[in-house]
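**Q** This is what each chain is made of:
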Amino acid sequence: DTAVSQTPKYLVTQMGNDKSIKCEQNLGHDTMYWYKQDSKKFLKIMFSYNNKELIINETVPNRFSPKSPDKAHLNLHINSLELGDSAVYFCASSRTGGGLYNEQFFGPGTRLTVL
Amino acid sequence: KQEVTQIPAALSVPEGENLVLNCSFTDSAIYNLQWFRQDPGKGLTSLLLIQSSQREQTSGRLNASLDKSSGRSTLYIAASQPGDSATYLCAVLWQAGTALIFGKGTTLSVSS
Numbered sequence: 001d002t003a004v005s006q007t008p009k010y011l012v013t014q015m016g017n018d019k020s021i022k023c024e025q026n027l028g029h030d031t032m033y034w035y036k037q038d039s040k041k042f043l044k045i046m047f048s049y050n051n052k053e054l055i056i057n058e059t060v061p062n063r064f065s066p067k068s069p070d071k072a073h074l075n076l077h078i079n080s081l082e083l084g085d086s087a088v089y090f091c092a093s094s095r096t097g098g099g100l101y102n103e104q105f106f107g108p109g110t111r112l113t114v115l
Numbered sequence: 001k002q003e004v005t006q007i008p009a010a011l012s013v014p015e016g017e018n019l020v021l022n023c024s025f026t027d028s029a030i031y032n033l034q035w036f037r038q039d040p041g042k043g044l045t046s047l048l049l050i051q052s053s054q055r056e057q058t059s060g061r062l063n064a065s066l067d068k069s070s071g072r073s074t075l076y077i078a079a080s081q082p083g084d085s086a087t088y089l090c091a092v093l094w095q096a097g098t099a100l101i102f103g104k105g106t107t108l109s110v111s112s
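These protein sequences, in sequence, are chains A and B. With our numbering, the residue at position 110 of the first sequence is 110, and numbering never jumps. With our numbering, the residue at position 29 of the second sequence is 29, and numbering never jumps.
Read the hints as simulated data drawn from the structure, not as lab findings. Just so it is clear, CB atoms sit at the ideal spot from N, CA and C, and this is done for glycine as well. Just to be clear, a hint being listed does not mean it is correct.
Said to hold, decoys possible - So, partial list: chain B residues that the calculated Cβ filter (under 7 Å) puts toward chain A: (1) Val20; (2) Arg37; (3) Pro40; (4) Gly43; (5) Leu44; (6) Leu49; (7) Trp94; (8) Gly97; (9) Ala99; (10) Leu100.
Stated by the list, open to error - Here are some, though not all, of the chain A residues that point toward chain B, as calculated from beta-carbon distances under 10 Å: (11) Val4; (12) Pro8; (13) Glu24; (14) Lys41; (15) Asn50; (16) Ile55; (17) Ala87; (18) Phe90; (19) Phe106; (20) Gly109; (21) Arg111.
For reference, chain B alone in the conformation it holds in the complex (with noise of 0.2 Å):
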């Protein structure tokens, strides 16, 4: 059965640490994985998508990679802001034109 599991649940941490979001996914022949910003009440925004064929993939202080042969991916946010405050969800979609497959999500407290 096709799973992603997110850990840990939640995560507080103080302005400007360096922090590391964990994806693992069963059965390596993913499509692509993306990784989503959820705020509270409001919609999915798509952050970084990372194509089966990369290894990594990097926006602003965002930076995502992709480990196939280990079922992993992780998000790391350089210099977390108070505004990085969010639920951060992983996606692996198996086979082009199907449905995303979720984790959980993340919920990340960053305090000033």
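One chain only, chain A, in its complex shape (with noise of 0.2 Å):
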């Protein structure tokens, strides 16, 4: 199936920790993008990648950091873990130009607490 992929789905951990979440896109696109849905629901962008190279760089905490090996691939490594980062987080994808390129797909979201 072409679609946007995440792991894990769930991830629950204790605060201090560090852990990462992955993403993959094989729909071929050239953006790639971190939102962060808070526990009143409200989705906001932390960062995009445009060709591997950081193009939106939200204001958040730099103990988030994005890294993104291939077109294909943006991976959130979380350090310090902190109750505030406990959110739903989604990987979404998009290629940038003209006409219907700019529809953002979006992952199935990973479900992080921090206990």
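Starting from two chains that each stand alone, build the complex the way the hints lay out.
**A** Now the structure itself:
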């Protein structure tokens, strides 16, 4: 299936730990994103990469570090996890350009719970 | 500041009703607008995308309209069904290659 996939789907961890979330897309897109959905269900951009280059970096603590090894993958590493990091993290991708490009497709989300 | 607002936050209707979900946005110079559906505990499913040059898009029982001059979009759902129960999110892209700005969503409940 062509899609955006994320692993793991659920992540439960203790405060202070370091964890990573992986994202892969097989849609041939050149831009990938990380969005965070908070406890009030509000979705907000965190990072965006285009062709492996960081193009959007919102006001996010530097404990969060995205890494894009290639155009099809965008991983999110989080150091020293805090209670407030508990949220659902969504990966998305799109192809930049005109016309129907720029439609964003989302992964299933990773529910992170910090205890 | 570029913002997206969705009203109402929640809506309950009986099965079979036609209904309209509203989305408004600041700054009419949008690139495109997407409507998504999110089921509880699930990801986002893209329903319709309207380019800035378009007035409406249709998919099955769904019709989305766009009026840039007034900064509004509506999602029309015809003959609603219990399976339509979900949260509907409106998101605006103001520039190609940038991030979507989301509204807070309208949670729809359709009773049988």
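**Q** Interface hint check: B/Arg37, Cβ to nearest Cβ on chain A, cutoff 7 Å. Holds or violated?
**A** violated (11 Å)
**Q** Let's test the interface hint: is any C-beta of chain A closer than 7 Å to that of B/Trp94?
**A** violated (11 Å)
**Q** Taking the closest Cβ pair, is A/Phe106 under 10 Å from chain B?
**A** holds (4 Å)
**Q** When the nearest CB of chain A is found for B/Leu100, is that gap smaller than 7 Å?
**A** Constraint on B/Leu100 satisfied, holds at 6 Å.
**Q** If you take the shortest Cβ to Cβ gap from B/Ala99 to chain A, is it below 7 Å?
**A** At about 4 Å, which falls below the 7 Å cut-off, the nearest Cβ of chain A leaves the hint on B/Ala99 intact, so it holds.
**Q** Holds or violated: B/Val20 as interface residue toward chain A, Cβ cutoff 7 Å?
**A** violated (21 Å)
**Q** Under 7 Å, Cβ to Cβ, is where B/Leu44 needs to be relative to chain A, so tell me if that hint holds or is violated.
**A** holds (4 Å)
**Q** Does A/Glu24 meet its interface restraint, that is, does its C-beta lie within less than 10 Å of any C-beta in chain B?
**A** Violated - the Cβ of A/Glu24 stays beyond 10 Å from chain B, reaching only about 14 Å at its closest.
**Q** Under 10 Å is the threshold here; is the Cβ of A/Pro8 close enough to any Cβ of chain B for the hint to stand?
**A** A/Pro8 check fails; min Cβ-Cβ to chain B is 14 Å, beyond 10 Å.
**Q** Can we keep the A/Val4 interface hint, with Cβ of chain B closer than 10 Å?
**A** holds (9 Å)
**Q** The hint names A/Ala87 as touching chain B; please verify it with the least Cβ-Cβ distance against 10 Å.
**A** Since chain B brings no Cβ nearer than about 13 Å to A/Ala87, farther than 10 Å, the hint is violated.
**Q** For the restraint on A/Phe90, tell me whether the closest CB of chain B is nearer than 10 Å.
**A** With a closest approach of 7 Å, the A/Phe90 hint holds.
Of the numbered hints listed earlier, those contradicted by the structure are 1, 2, 3, 7, 12, 13 and 17.
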